[in-house]
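Make a model of the complete structure from these sequences and hints.
Per the numbering used here, the sequence shown runs over residues 3 to 115.
Among the hints, erroneous ones may be present.
[Said to hold, decoys possible] Label pairs and their computed distance ranges (CB to CB):
1) Gly71 x Gly33: 32 to 38 Å
2) Arg81 x Glu47: 15 to 21 Å
3) Ser62 x Gly20: 15 to 21 Å
4) Ala6 x Ser62: 18 to 24 Å
Treat the hints as calculated values from the structure; they're not laboratory data.
All C-beta atoms in this analysis are idealised placements derived from N, C-alpha and C, irrespective of residue type, glycine included.
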Amino acid sequence: MNEAAARIYAAIAAIPRGRVASYGAIAARAGLPGRARLVGRLLGEVPDGMALPWYRVLRSSGHIAMPPGSRGFREQSRRLRAEGIEVKNGRVPLSRFGLDADLDHALWGIPDN
3 MNEAAARIYA AIAAIPRGRV ASYGAIAARA GLPGRARLVG RLLGEVPDGM
53 ALPWYRVLRS SGHIAMPPGS RGFREQSRRL RAEGIEVKNG RVPLSRFGLD
103 ADLDHALWGI PDN
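Shown next as structure tokens:
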């Protein structure tokens, strides 16, 4: 595994339970800003035996990237909801559940507009 992949996998592994992050945020945290597509590609190539919270990674809009209604979409929705993350129409309000959510949103639960 190359260094970039190792850093991306480490950034994904560090997303805490009950939080989500965008592909772009993961790339930035791994020191690879602008490499969101690399994050997506690497999620599809996770080495056997490596357990990652893949379901906590979303599009920058908060949407699940898999096709609505697909098996992967349903599994991701189920896993997110099991952690108390709100999923509505395939979208998670990043202002409340995002890794970098604004402190006021985190404390007071101000809804996403």
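Hints, verified against the model:
1. Gly71 x Gly33: 32 to 38 Å: 36 Å, holds
2. Arg81 x Glu47: 15 to 21 Å: 20 Å, holds
3. Ser62 x Gly20: 15 to 21 Å: 20 Å, holds
4. Ala6 x Ser62: 18 to 24 Å: With a Cβ separation near 20 Å, Ala6 and Ser62 satisfy 18 to 24 Å, so the hint holds.
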